[in-house]
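Engineer: Letter by letter, the chains look like this.
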Amino acid sequence: MFNAVLSQNAFFVSLSLFAAGAFGSLLLRKNDDAANWWGNLLAIAGAVFGIISSASVIFSNSDFSFAAASSFPLLSFSFNVDKLSAFFIFTISLIALFASVYGIGYAKHFYKKYNLGTLGFFYNAFIAGMLAVVSSGNAIFFLIVWEIMSLSSYFLVIFENKEKENIKAGSLYFIMTHAGTAFITLAFLVLYGATGSFDFGTMKQNIGNISPLTRDIVFILALIGFGTKAGIIPFHVWLPSAHPAAPSHVSALMSGVMIKTGIYMMIRIFIDILPGVQPWWGMLILAIGIVSSLLGVLYALEENDIKKLLAYSSIENIGIILLGLGSSLLFLSLGFKSLAVLGLVATLFHIFNHAIFKSLLFMGAGSVISKTRTRNMEKYGGLIKRMPQTALFFLAGSMAISALPPFNGFFSEWMIFQSLFSGIRSLDSSFQWIFILAAGALAFTGGLAAACFVKAFGITFLGRPRSGGAEHAKESDYFLTAGMSLLAVLALIVGIFSGKIAGVFSGISGSLGIFRSVEPPFTADINNFRLNDGFASVSTPVIFVILLASITAVFAVVHFLANGRKIKIGRTWDCGTNLNPRMEITSTGFSRSIITIFNGVLKSTKQIDVEYHDADMRYFPKARTVKLEMKGIYNSYLYRPIRNFALRFSGYFKMIQSGNVNTYVAYIFLILIILLIIFTF
Amino acid sequence: MTTLIWIIQLLLVPVLSPLFIGIVRKIKAKLQNRNGAGIIQPYRDIRKLFQKDEVISEDASWIFRFAPYLVFSVTIVLGFCIPLLSVSFQNNFYSDFLVVVYLVALSAFFMALAGMDAGSAFGGFGSSREMTVAALTEGGLIFSMLSLALSAHSTNLFSIAGFVSSSPVASLVPVILAFAAFIIAALAETARFPFDNPATHLELTMIHEAMILEYSGKRLVLMEWAAANKFFIFMALAANLFFPWGVSLGTGFSGIAAGLAILIVKILILCLFVAVLESSIAKFRFFRLPDLLFISFILSAISISLIL
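Chains as they are written, first to last, in our numbering: chain Y, 1 to 681; chain U, 1 to 308.
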């Protein structure tokens with residue numbers, strides 16, 4: 001009981017701190033420094049209370065709910081925090097904590113250029129909005145806080161409004177996120193129609209007699225609505241332009257946690273609220289996962305803008321998360337509840353891991369961008385010597401996201417593999433094929449992600465500087481490196497103690513009604529994680545220790561054997577020419593072979609223009625330009641047809657628009673008559 | 001006794017691996033009507049290089065200096081993870097085949113970074129090609145071993161070896177398909193024909209050699225030795241996962257000794273295969289390689305569907 005009071009109070013303290021942070025920085029907007037410190041310090045404090053609150057829910061079973069009625073009939077300010085919500089509150093607060101530490105330093109380069117007060121306002125509102133989204137217990141209240149989250153992130157995307165590109169990215173985001181919200185609203189209205197309540201708890205109780213058709217409609221609407229926020233292909237178009245446009249610590253939050261709120265609602269609705277999961281739901285989600293992970297990583301590989309590369313890689317990771325969620329749903333629909341727990345734990349683990357390493361990578365990118373003043377990777381190079389700490393932390397993030405042991409990405413990907421293998425093992429052939437495809441997609445995705453992050457790290461930090469900006473870059477200040485270093489250490493610690501953490505996540509999935517009293521199919525303790533049927537086991541601490549021991553031993557032996565040999569510093573071998581940065585491999589060049597191999601799906605185009613000195617003779621070219629472009633297949637097969645249809649459709653309506661006011665009055669009169677006739681009979 | 005066997009297992013890979021590189025080279029030389037260097041030449045090279053000074057590029061960072069240690073250490077750990085002599089070393093900690101795949105990826109990751117570090121055009125393109133090939137190999141590698149894991153009901157490499165050695169000959173068709181897939185992936189991972197030419201040192205299409213072009217002295221030893229270890233490990237996996245007969249089931253001395261002898265014979269046969277392959281076909285054009293790797297993936301997918 002005491003704990004329930006503690007967690008509830010801590011949660012509201014956290015929300016009030018964010019509110020104070022938001023309005024306080026608005027009041028202090030005249031003074032850049034004060035607004036920056038106030039906004040971020042209050043966010044740090046709010047995040048700490050968020051962590052305390054959610055940790056106490058997770059570890060001492062102190063779920064709480066709180067509702068305050070409002071003067072509107074259907075709306076109540078209702079919070080309902082169970083362990084699943086607490087997991088998301090914990091993840092959001094954790095990332096918000098590090099992002100705010102980082103933000104104190106990062107926002108300094110906006111001084112005198114942009115208004116720090118509005119940044120602090122929307123930043124705090126954004127985090128508070130996310131916390132409210134994952135804890136709200138009423139659909140109308142949910143839509144309100146969902147809008148707070150979406151709108152404040154929209155204003156953060158267009159914060160650097162002197163660059164036209166950002167405004168454009170913001171508009172796209174605005175349209176897409178509201179299109180998504182429209183679907184969500186429809187889903188809630190259908191649920192209201194079936195259950196007579198907007199309260200999630202009541203919905204769950206009354207939903208027993210929902211018709212299968214209504215249930216499927218809710219599934220599709222929610223999948224599109226929340227999928228748009230999560231960034232699944234083909235509804236991802238806003239993500240690669242919006243995430244990079246925001247300030248880097250906000251990008252870290254958007255890519256690290258905001259897109260996961262979509263996944264949270266999918267888990268909440270598909271597993272918790274809706275009864276009777278259908279097999280095709282799981283198969284559809286697995287299919288979306290396959291497409292999003294593979295295409296996401298291929299688009300990421302092609303990118304030369306470092307933040308866009310990271311944004312596409314978020315789409316890839318959402319795909320991987322959906323592979324876990326889809327397998328969980330499919331198991332659930334076929335009655336394999338225990339395997340469904342495995343899938344869900346893998347999903348939660350990857351959500352947590354991706355939050356850590358993706359925000360780390362965005363912060364690393366931000367650190368580089370703030371010193372080189374460009375997002376174009378072709379202008380980087382050699383930064384490991386100029387920004388050694390940023391380089392080290394970015395390397396940790398790159399290794400984690402490539403699922404390399406001993407970092408955290410390895411274990412969650414291993415678990416998702418095991419979840420998919422379980423599907424191949426225990427289902428019959430009408431479902432096995434999708435699991436085989438999913439496992440294949442995950443295998444290729446893993447390899448391609450490693451290639452992508454070798455490119456991201458190698459082109460950015462290794463070799464020689466390719467521009468003056470990179471040449472004269474210096475290490476970022478203390479707050480930036482502090483935020484990154486904590487996340488990098490966390491990525492390693494979570495990687496080492498994966499077994500223990502998987503045990504905690506297993507408790508979280510076990511708290512969902514449907515999984516109560518279901519034995520998880522695995523045993524997780526600190527030094528070993530194994531599936532109970534003996535199919536697989538792994539121990540991340542042992543792998544870490546033997547890797548470390550082996551490196552130490554090799555180092556000692558080699559040092560002994562090569563004792564007394566000197567090291568000379570020389571120039572890179574250059575075939576006798578003068579080395580210059582243009583001889584290094586470029587970002588475009590690095591991924592070109594993979595792009596060529598996958599040209600069938602990527603449809604890349606190459607356009608060569610030559611400008612001649614003399615237009616008649618055409619012997620002496622003055623300038624040559626090569627334009628490499630990639631037309632997304634989603635554009636040519638989804639968005640363009642929709643646009644063409646909309647244009648053609650509106651074309652037909654042109655006929656009735658004469659521009660003459662009298663005609664319009666006649667229309668109104670006609671409609672009135674028709675309505676009168678309809679309602680009188 | 002057990003400790004002794006552990007030590008043998010630990011040292012087996014680094015001690016024996018240069019020998020098999022020497023043997024492959026010798027067989028190739030014979031097939032080309034040359035005499036070739038002695039089969040212990042790789043050991044002499046190691047000794048020689050350890051006595052040389054090193055030159056490191058001024059553009060290189062600590063990644064370049066650290067990578068050889070990591071790449072070599074990973075191969076030592078890999079030697080520890082896989083069934084070499086006896087299946088009685090089964091453990092629940094690190095012998096999962098996904099661990100092996102991701103450890104291989106770890107070494108490829110650092111090797112590719114080291115290739116880019118000195119800022120030479122060769123290194124960068126070597127890294128780009130290496131990661132392209134590695135990314136496409138992963139599917140075939142995971143699926144070929146998955147096919148065995150599904151029939152053995154375990155992803156543990158030791159259990160797989162134990163299961164396949166006790167299964168009847170009639171169930172061999174999927175094993176052979178998976179073996180073909182695995183061999184293709186192994187040739188790609190170990191930078192052999194038709195993926196890469198291990199004999200070249202200056203060719204514009206080289207992959208592995210391009211990445212380590214800037215190395216000299218002790219770090220070159222580590223890189224070359226790690227490549228030899230990797231070759232040994234993949235050949236040993238091919239031998240002991242797909243044809244595990246002769247692998248000891250206990251910890252008895254005679255069983256271990258026999259296991260070692262049979263392992264060496266099996267790897268010698270594979271070396272002969274590799275040498276004949278390298279003398280009889282040409283290296284593939286780079287953009288033909290994906291076809292081969294997809295074949296490896298499809299073969300293992302067929303093998304899986306036969307098992308289910």
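Keep in mind that the hints are not guaranteed to be accurate.
[Stated by the list, open to error] Short derived list, chain Y residues pointing at chain U, Cβ under 7 Å:
1. Ala-45
2. Phe-49
3. Lys-162
4. Phe-444
5. Leu-462
6. Ser-539
7. Ser-550
8. Ile-594
[Unchecked claim] Here are the computed lysine-lysine pairs in the BS3-like style, where the Cα-Cα straight-line distance is at most 30 Å:
9. U/Lys-48 with Y/Lys-566
10. Y/Lys-606 with U/Lys-283
11. Y/Lys-30 with Y/Lys-379
12. Y/Lys-627 with Y/Lys-379
13. Y/Lys-168 with Y/Lys-108
14. Y/Lys-164 with Y/Lys-474
15. U/Lys-52 with Y/Lys-566
16. Y/Lys-566 with Y/Lys-379
17. Y/Lys-113 with Y/Lys-474
18. Y/Lys-385 with U/Lys-52
19. Y/Lys-568 with Y/Lys-603
20. Y/Lys-112 with Y/Lys-204
21. Y/Lys-474 with Y/Lys-162
22. Y/Lys-164 with Y/Lys-30
23. Y/Lys-631 with Y/Lys-603
24. Y/Lys-379 with Y/Lys-622
25. Y/Lys-568 with U/Lys-48
26. Y/Lys-568 with Y/Lys-654
27. U/Lys-283 with Y/Lys-568
28. U/Lys-283 with Y/Lys-603
29. Y/Lys-568 with Y/Lys-474
[Unchecked claim] Covered stretches of chain U (chain Y as the covering partner; in silico rule of three or more C-beta atoms under 8 Å from a C-beta of chain Y):
30. 23-34
31. 82-89
32. 174-187
33. 278-285
Don't read these hints as lab results, they were simulated from the structure.
Here a beta-carbon is modelled for each residue, glycine too, at the ideal position from N, C-alpha and C.
Engineer: Hint compliance check: list the failing hint numbers for this structure, sorted ascending.
Structural biologist: Violated: hints 1, 2, 3, 11, 16, 19, 20, 26, 27, 30, 31, 32 and 33.
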